[in-house]
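S.K.: If you're matching positions, the sequence shown starts at 1 in the working numbering and goes up one per residue.
Don't take every hint at face value.
Listed below are the simulated DSBU-like cross-link pairs for lysine-lysine, each with C-alpha atoms no more than 30 Å apart in a straight line [said to hold, decoys possible]:
(1) Lys61 with Lys10
(2) Lys61 with Lys29
(3) Lys10 with Lys62
Beta-carbon label-pair distances, calculated as ranges [to be verified]:
(4) Glu30 with Arg110: 33 to 39 Å
(5) Gln2 with Leu102: 38 to 44 Å
(6) Lys63 with Thr126: 19 to 25 Å
(7) Ala3 with Glu30: 23 to 29 Å
(8) Ala36 with Ala3: 28 to 34 Å
(9) Lys63 with Asn31: 23 to 29 Å
Keep in mind the hints are simulated off the structure, nothing from the lab. Glycine included, every Cβ here is placed at the ideal spot set by N, Cα and C.
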Amino acid sequence: MQAQVRWNGKMGFVGISGSNHTVVMDVSKENGGDGAAASPMEMVLMALAGCSGVDIALIVKKKRLDVRDFQILVEGERADEHPRVFTKVNMTFVFEGADLTLKPLEDAVRLSLEKYCSVAGMVNKTAEISWKVEIKE
Numbered sequence: 001m002q003a004q005v006r007w008n009g010k011m012g013f014v015g016i017s018g019s020n021h022t023v024v025m026d027v028s029k030e031n032g033g034d035g036a037a038a039s040p041m042e043m044v045l046m047a048l049a050g051c052s053g054v055d056i057a058l059i060v061k062k063k064r065l066d067v068r069d070f071q072i073l074v075e076g077e078r079a080d081e082h083p084r085v086f087t088k089v090n091m092t093f094v095f096e097g098a099d100l101t102l103k104p105l106e107d108a109v110r111l112s113l114e115k116y117c118s119v120a121g122m123v124n125k126t127a128e129i130s131w132k133v134e135i136k137e
């Protein structure tokens, strides 16, 4: 697996994945950027949610749960000192579907975050990851 990033001359970068997909990164205006894109640390949170989401989508399909939609809300707290790693991450998994119950959804989330999600495996080295499941009626 490989990737590259190219500087835009300011405080932003364009990342190109090994599979030739492009992602734009920037930092907030308060930090000298244009605020034109997600910051690298925001992308870490999105990567965590996306990685876990892929696992969960596969698990609920395998369990034949009638999930019609779901979203993952993520909030992270960072250390005050450098390197400003995440120290706490809170995740809320919101599911919509028919005849959904908490236990199989919680089992899917737990499996993802504790066993399958590579990003969670890295983030949990510095951050306490807490999570909850909600079913939207």
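S.K.: Indicate, hint by hint, whether the structure satisfies it.
M.R.: Quick rundown of the hints versus the structure:
Of the pairs offered as hints, the one joining lysine 61 and lysine 10 is violated, with about 44 Å between alpha carbons and a cut-off of 30 Å exceeded. For the proposed pair lysine 61 and lysine 29, the alpha carbon gap of about 42 Å is over 30 Å, so the pair is violated. A distance of roughly 46 Å separates the Cα atoms of lysine 10 and lysine 62; the hinted pair therefore is violated under the 30 Å criterion. A beta carbon spacing of about 37 Å between glutamate 30 and arginine 110 agrees with the range 33 to 39 Å that was offered as a hint.
At about 40 Å, the beta-carbon gap between glutamine 2 and leucine 102 stays in the expected band of 38 to 44 Å. For the pair lysine 63 and threonine 126, the beta carbons lie near 32 Å from each other, so the given range of 19 to 25 Å is not met. Taking 23 to 29 Å as the suggested C-beta distance range, the pair alanine 3 and glutamate 30 conforms, at roughly 27 Å. In this structure, alanine 36 and alanine 3 break the distance hint of 28 to 34 Å, their C-beta atoms being roughly 20 Å apart.
Our hint of 23 to 29 Å for lysine 63 and asparagine 31 is violated, since their Cβ atoms are close to 43 Å apart.
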